[in-house]
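A.B. asks: Residue-level listing of the chains:
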Amino acid sequence: MEKKEYDAVILGGGLAGLMAANIVASAGFSVAVVSKVFPTRSHSAAAEGGIAAYIKGNSDPNDDPDFMSYDEVKGGDYLVDQDAAELLSAKSGEIVHILDAWGAPFNRQPDGRIALRYFGGQTYPRTRFVADKTGMALLHTLFEHATGFKNIDFYNEYYVLDIVKEGKDVNGLVAMEMKTMDPVYLKSRALLIAAGGLGMLYKHTTNSYINTGDGYGIALRSGVALKDPEFVQFHPTGLYPSDILISEAARAEGGILKNNKGERFMARYAPHKFDLAPRDIVSRSMTIEIREGRGFKGGYLGLDLTHLGKEYIMERLSLAYDAAKTFSGVDATEEMIPVRPAQHYFMGGIDVDITGSNHDLNGIFAAGEAACVSVHGANRLGSNSLLETLVYGRETGDSMVNFLKSHKNVESNSNVDDIVNTAYLYIKRESGEHFGTLLNELRDIMWENVGIFRDKKKLEEAVGKISDLRKRSVNMYVTDKSSNYNTEVFNAFETRNMLDVALAVSSAALNRKETRGAHYRDDYPNRDDDNWMKHTVAYLGDSEIKISYKPVNFTRWKPEPRVY
Amino acid sequence: MKVAYYPGCASHGIAKDVDIATQLVAKDLDLELMEVDDWNCCGGGFMDDKSEEIHTALNLRNLEKVKTMGFEKMSTPCSVCLNSHRIASDKYEKDPELRENVDRRLKNADMEYDGSVDSEHFIWTLIRDVGIDKIKKHVKKPLKGIKMGTYYGCQLLRPYEVMGFESPYNPKSVMDLVAATGAEPVAFPLKSSCCGFPLVGINPPVGLKMANNILSDAKNNGAEMLVHPCSLCHLQLDVTQLKIQNQFKQDWTLPVLYVTQLLGLSFGYTPEELGLGKIAKDYLRERGFV
Amino acid sequence: MEEKEITVNVKKYNEKDGVFWKSYRVKADRYTQMTEVLRRIKTEQDPSLSYRASCHMAVCGSCSMKINGIPSLACKTMAFKVMDEKGEINLESMDYYTEVRDLIPDVDTFYDRMYKVMPRLYADEEVIEGKEEQRMLPEEQKEVWKFQGCIYCGLCVSACPSVKADEKFLGPAAHAKGYRYIADDRDTKKEERIDMLMDSAWRCTSCYMCYEVCPQDVQPVIAIKKTRSHLDDYRGPETDVITMARKHDNAILELINDTGKIKESSLYLKTFGFGEAIKDSINMLKSGKIKYAFTKDNNVKNINEIKKIMGDKK
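First to last, the sequence lines map onto chains A, B and C.
The first sequence begins at 0 in numbering that gives the first Met the number 0 and counts up one residue at a time.
The second sequence begins at 0 in numbering that gives the first Met the number 0 and counts up one residue at a time.
The third sequence begins at 0 in numbering that gives the first Met the number 0 and counts up one residue at a time.
Calculated from the structure, these hints are not laboratory results.
There could be a bad hint or two in this list.
Stated by the list, open to error - Now the in silico label distances, taken between C-beta atoms and shown as ranges: (1) B/251 <-> A/478: 46 to 54 Å; (2) C/236 <-> B/219: 33 to 41 Å; (3) C/8 <-> A/271: 52 to 60 Å.
Unchecked claim - Listed next, the in silico DSS-like pairs over lysine-lysine satisfying Cα-Cα at most 27 Å (straight line): (4) B/1 <-> B/15; (5) A/480 <-> C/65; (6) A/202 <-> C/26; (7) C/85 <-> B/171; (8) B/143 <-> B/280; (9) B/15 <-> C/295; (10) C/163 <-> B/218.
For every residue, glycine included, the Cβ atom is placed at its ideal position computed from N, Cα and C.
Given the sequences, and given the hints that come with them, work out the whole structure.
C.D. replies: Now the structure itself:
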């Protein structure tokens, strides 16, 4: 097997991975960025609305970073580590300046300064944007910047199988080139997992097809913990019926949600913030409206933009307009856009501290949606995911540089062959379970039982069924035996990852007996700070999830009722 | 029916036969072609590289003349002139900043334009205003049995949002006109690829290669002759065909007709009256049509 | 929602079996995207079917392919809109790129073209060090964003005739990317970029194919035209193409300015010179096409109007 050596290997070519790659490479270390897609295909591209930032001299005169941190803490229903939130706010202005210096074409004010707008849960407007394709614009900026480094090698369309370890030390990873199916061992002292989210676990998701929780699965199998995996965000405005994201920008720019009676129903659920209440609240309200018969036939509600005027819609919300037109045949300048909630984001992730370091293994880091730094707590605010990928991508890059400066190479190939041999089993086997069957079952279970409204019965059933699916998955096989872009094999690998992380999500959800942020228990409808003001830490055992806890870091904000 | 007619530079120059045939066919079909007063070159495919403003203003000068003549639209036999005028109108309509600057240039020449005049290809006039049925009625000498490659080129079709007449991927206009003459239309993959003319003055080897690709593709798909809709394709594929075929050491030629030349033949005009070249004349003689 | 069974014919390819077509029957409704059709085929019928897909909302540029012969993004294509009267749809890999597997071609050549144009901003040192804030007017942002909209889908390159005929042409997407930085006043390498892009810019035929196929409405051909408008700023080597472009350009400008029209024969002489003209005349003589070669049209009568309209170049 081919072996290549780098100082750092980064799994994932989205915003977090590329930001860290830029940082580590500019410190002079060699970097390999490994992704199962060409980097601009990463899910970061799909982020629409913007990036929140407090920029001194270019923000609301009443705003300051503390308001921003407070919004995050409250938005996250107090499960936020407040030191992490404060860091996120404090560095937000800097990060926008860096992106601007690297060429991001942010929308501008008439005097040439970067423009801003309101987003859900913000006390003052802070969201910076590039039309409604902010993620794509920033991703391209970072990727193109990264291609200017001679010491970054891109392994595009390489699928990562598992982490190579020597005792408690990370020693790189094994990947397979999708074009040739040849495995390669990428050895490194530092490993960053920035492989994004897990939307494909759910039948209805705004996420890309590639969001299969690979980073979480790989981490769990290597004995690395996930933090707070029960917290899954459902975005209020998935386009009906394709679940394509209609950005929160649509509501931020004045769009209004309406039920089949034409009522602005959010007035009843969030009398101050209305449609711009945090996403968990809006999604639940919408689900209730639909459940109680005030949705439209087929199970959706209306997002009304018509009063904004055609020109404004075209300029600020062109993607939303195009999506509604192309995918639902609706002209948003004249009719309401049909929307319903869909899975959107995973607040949980690989357990890391404020420096992006995980402490289960030496040399392992995580950033972006793959990580749980605990800036989003129980519910993420809009415009904060792009911000997190960049701020913590950079922080983590710095930590990796420090780590590399103080850690020497460890020589070993210990589990390299095992990783490859296990992977080849799917190809060698001539019969057994097929990934498609397992996957479709899994996506149904997650949507029905581990969705917006949860309870003990549903969750117990989910844990049971997922455990069964995991047992069956041991016998997965593929019909395709060819050796160029054998995507069936990669789908099988993805399914393995999805099943592992699904077990963690459902088990942690069953375990947390309270309602907080996006985790809503019909049987425990209230927040219970006395017993549950703590992070879940989940490890993968042989066939079950082992749960322990970690305290939430408080700096200055005491829990209050969450009213919008 | 009176039609404002914009011949374009090429059809009043080396591609004169395009104009000759178009005039003859128009007369038969009761179209009275009124040449646009004191028209100027549209600068198509060239002037917009230099300056969008000048390009737009030059094209609008022509459209303003059309308006003064009392017409709401003009018709041209040249796809490049068509594309140039339509793109100019489109930009003038959609880009307020450009509009302001163009208006200033026109005003400088004591002109004013209200954006109301449309430009169309002579093919569109034939299909929309005359109609295929009426054309069929004029066919005296059907070209039965001739396999006619139907070529569209680029400027007639693209961009669709500006041209708007027919599908840029599955165009039918030339095919329908060919079928009306009794000839057998032959589609070929490169039917809407560029003939390479725009490169002839800048990068001749590649320009000629593209022309050879078109001719070869039509021939390989069974075409005996080729019909096209553009004065500049005419320069490229017909007028300089021997140069192309010498360059690529081809031992064959493919007779090329402008679309009204084909109609003219079926209406009973002689190759001489239609200004056909030797390659086409010889082939028609060989096939017994002359 | 009314469902209907459609037939999807896929041109498959693998090293062992070569090219072959396979048909699938799939249930769809009027909201079904072609990426979803492919996902259904793959998870329910033929797991070996290989294709690329990611965002399913036309921003990642993965699912480029030919749908009924038309270069398209599968996600942006609704099955019901493209099926024929028999409910059939044909899928093929993009043109131009080497086929590797089913609907997955090798698009490395596309990426290489992008890398060639220094696709990144080189800001002022003061800005990079954080000492100075960059400003950018909204109009400029609009121009930059228009050409930054490229999603690396590769469709324009697959459909471009110049790419196929001329290896020195960088291709539409790379030109859009290159021009995006020329248009960005925050960049410090404008001259270098103009020098790098100019020769290639003149290798485009302006056939508008890229404009037509681009799923993001980037209009690469317009970027190429805008790059050409910097010809006078070009300081790079005088390549054949550049030399001819200058000659050809000046000749046309002069003709339009003096006569209001292009006289092909004069233009020809001015661009190619007398020797080449004689050679071509012989060919035209042979093909019976010489008789119109010296046809000369009237000049524009009111030539002052033309001169006033042309005024200064802007």
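A.B. asks: Confirm or reject each hint.
C.D. replies: Okay, the hints, checked on the actual structure:
1. B/251 <-> A/478: 46 to 54 Å: At roughly 50 Å between Cβ atoms, residue 478 of chain A and residue 251 of chain B fall inside 46 to 54 Å, so the hint holds.
2. C/236 <-> B/219: 33 to 41 Å: holds, 39 Å
3. C/8 <-> A/271: 52 to 60 Å: holds, 56 Å
4. B/1 <-> B/15: Distance ~22 Å between residue 1 of chain B and residue 15 of chain B Cα, so the pair holds.
5. A/480 <-> C/65: holds, 26 Å
6. A/202 <-> C/26: holds, 18 Å
7. C/85 <-> B/171: It holds: about 20 Å lies between the C-alpha atoms, which stays within 27 Å.
8. B/143 <-> B/280: holds, 17 Å
9. B/15 <-> C/295: holds, 10 Å
10. C/163 <-> B/218: Satisfied, since the Cα-Cα distance of roughly 20 Å is no more than 27 Å.
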